[in-house]
Amino acid sequence: MMLGNCATSSSLSTTSDEDIVNNNLTALVVDDSPMIRKLHDMHLKKFGLKVQVAENGKNAIDLFRCGASFNLILMDKEMPIMDGAEATRELRTMGVTSMIVGVTSLDSIFDRQAFMEAGLDHCFTKPLTTENINFLLQELNKNNEEN
Amino acid sequence: MESSHLRQQIAAMRQSFFDEEILDGQFCQLERLENRGNPNFVEEVLTMYFRDSTTLLQTVEQEIETDTIDLAKVDMMLHKFKGSSASIGANKVRNNITKTRQLLEEGNLEGAKLAFRELRMEHDNLRAKLEPYFQQQLRQVGPVETATRPKGSDHA
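Chain order of the listed sequences is A and B. Counting from 1, one number per residue, gives the positions in the first sequence under UniProt numbering. Counting from 1, one number per residue, gives the positions in the second sequence under UniProt numbering.
Extracted from the complex, chain A is given alone in its bound form (with noise of 0.2 Å):
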């Protein structure tokens, strides 16, 4: 999987004993709030996932414009310039067909069926949690499997 060369922001893994082994899975996190970002980048880093990160929807898109892919992105939904919705129906239109997960704050579960409308695969509430991540990376292998 190629990551892209023009990031606006990037977060490399670092290898240490207590990570687990590099599963060549990578994953973009999506989140307008720094401390989310780095809380997100950490929880993928330690199942073995290589890790982006962008401040907005438009810098996602950005992303994916400039050549980059991912397995799974984590997408905020309330982000100023371009919010998570209206971020993953541009990557749907423009055919990317990684796993997106909102992850969000929302309670209604109205915003939250228009969130998944938009092309979500999952919708998490935060906190985001090592049970979701395990869920997905299990999501993420049956996928694989299949093709």
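Keep in mind that the hints were calculated from the coordinates and are not lab data. Don't be surprised by glycine CBs; every beta carbon is placed ideally from N, CA and C. Any given hint could turn out to be false.
Only some residues are given here: those of chain A computed to face chain B with a beta carbon under 10 Å [to be verified]:
#1 D31
#2 H40
#3 G48
#4 H122
#5 T129
Derived DEER-like restraints, expressed as beta-carbon distance ranges [as the list claims (entries may be wrong)]:
#6 T66(B) x F135(A): 21 to 27 Å
#7 T125(A) x D70(B): 47 to 53 Å
#8 E86(A) x S16(B): 41 to 47 Å
#9 N134(A) x A12(B): 30 to 36 Å
#10 T66(B) x N23(A): 48 to 54 Å
#11 T54(B) x I109(A): 48 to 54 Å
#12 E131(A) x F18(B): 16 to 22 Å
#13 T125(A) x R117(B): 23 to 29 Å
#14 S16(B) x T125(A): 42 to 48 Å
Given the structure of chain A, go ahead and fit chain B onto it with the hints provided.
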């Protein structure tokens, strides 16, 4: 002996956070993300959290004290704050955010202002408890001493 006492102190402080329901299990998940490559990860995340939350609370306070409150703006800020608080396991802060938002949605402004003051108190309480906890952890690590070879003890 002293380090054992310090360890017990730190463990007791940590346990009290859960007993008092100030923190929940998400904090444990946060701690598990720390490793040798990122030994200060939890502290770094919390520093970011409190930096953002302090500004946000000031902004919300100014907004709700005005005559013409921008409810959508306040709700959006509290919504974001709820997400970040949940992500670090700040249980009581998160619950107070939910309460404040609910009262605002119901149009109960006075109730919301009261709830916001409680929220502010819980947030300040959380910070006041976590700061000495991390200071104690630093004490446990202690200064790093470098070994020096005694004079006249060169070996081939």
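Hint by hint, here is what the structure shows:
Given the 10 Å rule on beta carbons, the hint for D31(A) holds: about 9 Å separates it from the nearest Cβ of chain B. For H40(A), the interface hint holds, the least distance from its beta-carbon to any beta-carbon of chain B being 9 Å, beneath 10 Å. With a least beta-carbon distance of about 13 Å to chain B, the hint placing G48(A) at the interface is violated under the 10 Å criterion. Taken as an interface hint, H122(A) does not check out: its beta carbon lies about 17 Å from the nearest beta carbon of chain B, beyond 10 Å.
Given the 10 Å rule on beta carbons, the hint for T129(A) holds: about 6 Å separates it from the nearest Cβ of chain B. For T66(B) and F135(A), the hinted distance range of 21 to 27 Å is not satisfied, since their beta carbons lie about 44 Å from each other. Range check, T125(A) to D70(B): Cβ separation about 26 Å, and the 47 to 53 Å hint is violated. Restraint check, E86(A) to S16(B): a C-beta distance of roughly 44 Å satisfies the suggested window 41 to 47 Å.
As the Cβ distance of N134(A) to A12(B) is approximately 32 Å, the hint placing it in 30 to 36 Å holds. Taken as a hint, the range 48 to 54 Å holds for the pair T66(B) and N23(A), whose Cβ atoms sit roughly 52 Å apart. Under the hint 48 to 54 Å, the C-beta atoms of T54(B) and I109(A), about 33 Å apart, miss the expected range. Between E131(A) and F18(B) the beta carbons are some 19 Å apart, a value that agrees with the proposed interval 16 to 22 Å.
The beta-carbon spacing between T125(A) and R117(B), approximately 27 Å, falls within the hinted interval of 23 to 29 Å. About 28 Å separates the C-beta atoms of S16(B) and T125(A), a value inconsistent with the hinted range of 42 to 48 Å.
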